[in-house]
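These protein sequence lines are chains P and C, in that order.
Each residue of the first sequence is one higher than the last, beginning at 1 in full-length UniProt numbering.
Each residue of the second sequence is one higher than the last, beginning at 1 in full-length UniProt numbering.
Treat the hints as calculated values from the structure; they're not laboratory data.
Certain hints may be false.
The list makes no distinction among identical chains, and a pair is therefore deemed to hold if it is satisfied within one copy or across any two copies.
As the list claims (entries may be wrong) - Only pairs whose alpha carbons sit at most 25 Å apart, straight line, appear in this in silico SDA-like list of lysine to any residue:
1) K35 - L100
2) K12 - S87
3) K12 - I107
4) K20 - S6
5) K12 - M98
6) K12 - L108
7) K35 - L52
8) K20 - V79
9) K35 - I23
10) K20 - A103
11) K76 - P56
12) K76 - L55
13) K76 - E106
14) K76 - Q58
15) K41 - L55
16) K35 - I110
17) K12 - N115
18) K41 - S6
19) K12 - P30
20) K76 - A103
21) K20 - M51
22) K76 - I57
23) K35 - N126
24) K76 - I23
25) K41 - I110
26) K20 - M112
27) K50 - N31
28) K12 - P29
The structure displayed is predicted, hence computed values, not measured ones.
If you want the building blocks of each chain, they are given just below.
Protein chains: 2
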Amino acid sequence: MGGSSSPCASCKLLRRRCTKDCIFAPYFPPNEPHKFAIVHKVFGASNISKMLQELPIQQRADAVNSLVYEANARMKDPVYGCVGAISFLQNQISQLEMQLAMAQAEILCIQMQNNNNNLCEIQINNNDNNL
Amino acid sequence: MGGSSSPCASCKLLRRRCTKDCIFAPYFPPNEPHKFAIVHKVFGASNISKMLQELPIQQRADAVNSLVYEANARMKDPVYGCVGAISFLQNQISQLEMQLAMAQAEILCIQMQNNNNNLCEIQINNNDNNL
Numbered sequence: 001m002g003g004s005s006s007p008c009a010s011c012k013l014l015r016r017r018c019t020k021d022c023i024f025a026p027y028f029p030p031n032e033p034h035k036f037a038i039v040h041k042v043f044g045a046s047n048i049s050k051m052l053q054e055l056p057i058q059q060r061a062d063a064v065n066s067l068v069y070e071a072n073a074r075m076k077d078p079v080y081g082c083v084g085a086i087s088f089l090q091n092q093i094s095q096l097e098m099q100l101a102m103a104q105a106e107i108l109c110i111q112m113q114n115n116n117n118n119l120c121e122i123q124i125n126n127n128d129n130n131l
Numbered sequence: 001m002g003g004s005s006s007p008c009a010s011c012k013l014l015r016r017r018c019t020k021d022c023i024f025a026p027y028f029p030p031n032e033p034h035k036f037a038i039v040h041k042v043f044g045a046s047n048i049s050k051m052l053q054e055l056p057i058q059q060r061a062d063a064v065n066s067l068v069y070e071a072n073a074r075m076k077d078p079v080y081g082c083v084g085a086i087s088f089l090q091n092q093i094s095q096l097e098m099q100l101a102m103a104q105a106e107i108l109c110i111q112m113q114n115n116n117n118n119l120c121e122i123q124i125n126n127n128d129n130n131l
């Protein structure tokens with residue numbers, strides 16, 4: 001129960017007594033049953049419990065959020081999960097890097113053209129003055 | 001054994017008989033014990049077996065590779081795992097998008113300056129001719 005009136009979502013799903021020192025209770029409240037169900041399906045309650053126990057209390061909420069995110073990704077894409085998202089983002093980075101390199105090359109090119117034109121103009125002006 | 005002489009890495013770790021239809025054997029050969037150990041620690045053998053069973057055979061190798069990648073990421077970063085990498089890549093994309101927008105603005109700015117200069121030159125030339 002983690003001190004509250006009803007057992008946490010984890011203990012409810014696992015059909016066990018929710019004690020006041022339940023490791024899941026602070027992160028899996030009874031009104032969000034799906035959140036625990038999904039991480040349990042992907043990682044297993046025992047593994048999640050072990051992972052949380054190995055972390056300091058102040059990092060556990062972040063760890064639970066990232067596990068829920070990862071489990072959702074695995075449900076949506078059972079073959080690639082989060083790794084599919086990583087691959088997609090890496091491709092996007094490659095494309096942006098290429099576009100940026102092209103834009104920077106274009107800037108250089110325009111600047112060089114301008115310098116040449118200015119040089120050309122100076123030469124024409126000099127020639128005009130020498131006539 | 002998956003038909004080979006020694007049990008696969010999974011059956012060896014789980015201390016069970018490796019039959020010729022073992023679901024793990026094609027992806028966890030005995031010479032790579034660490035590969036199974038790490039996914040077992042993060043996802044649990046039972047969950048991995050279920051996930052593989054739900055996939056067509058031709059997608060299972062990719063699924064195993066992505067699970068190994070995800071499990072390695074969770075070992076390296078027990079709080080954020082793969083989600084840490086996603087967050088890092090998303091920040092990189094934001095920075096690149098900003099740099100690209102700045103470069104494109106610079107190109108526009110130079111082009112507008114050039115157009116103005118050309119217009120100015122044309123007007124000067126016209127004025128010269130009218131003298």
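Open item on the list: At most 25 Å between alpha carbons: which applies to K35 and L100, within, between, both or neither?
Closed with: neither (40 Å within a copy, 38 Å between copies)
- [ ] Give the relationship of K12 and L108 under a CA distance limit of 25 Å: within one copy only, between copies only, both, or neither.
- [x] neither (64 Å within a copy, 61 Å between copies)
Task: Identical-chain pair category, K76 with A103, by Cα at 25 Å - done: Neither: 36 Å inside a copy, 37 Å across copies.
TODO: At 25 Å max between alpha carbons, let me know whether K35 reaches I23 within a copy, between copies, both or neither.
DONE: within (15 Å within a copy, 29 Å between copies)
TODO: Tell me, please, which holds for K12 and P29 at an alpha-carbon limit of 25 Å: within, between, both or neither?
DONE: This pair counts as within: shortest intra-copy Cα distance 10 Å, inter-copy 38 Å.
Open item on the list: Cα distance capped at 25 Å. Does K50 pair with N31 within a copy, between copies, both, or neither?
Closed with: This pair counts as within: shortest intra-copy Cα distance 24 Å, inter-copy 27 Å.
Task: Homomeric proximity label, K20 with S6: Cα distance no greater than 25 Å - done: Answer is within; shortest intra-copy Cα gap is 11 Å, inter-copy 47 Å.
Open item on the list: For K35 and N126, with the copy left unspecified, which applies at a CA distance of at most 25 Å: within, between, both, or neither?
Closed with: neither (78 Å within a copy, 75 Å between copies)
Open item on the list: Within a copy, between copies, both or neither: which one fits K12 and M98 at a CA-CA cutoff of 25 Å?
Closed with: The answer is neither: 52 Å in one copy and 47 Å across copies each exceed 25 Å.
Open item on the list: Please sort K20 with M51 into within, between, both or neither, judging by C-alpha distance up to 25 Å.
Closed with: Within. Shortest intra-copy distance 19 Å satisfies the 25 Å Cα cut-off; inter-copy 33 Å does not.
TODO: Classify it for me, K35 with I110: is the Cα-Cα distance of at most 25 Å met within a copy, between copies, both or neither?
DONE: neither (55 Å within a copy, 53 Å between copies)
TODO: Classify it for me, K12 with I107: is the Cα-Cα distance of at most 25 Å met within a copy, between copies, both or neither?
DONE: neither (62 Å within a copy, 61 Å between copies)
Taken one by one, the earlier hints fail for this structure at numbers 1, 2, 3, 5, 6, 10, 13, 16, 17, 20, 23, 25, 26, listed in ascending order.
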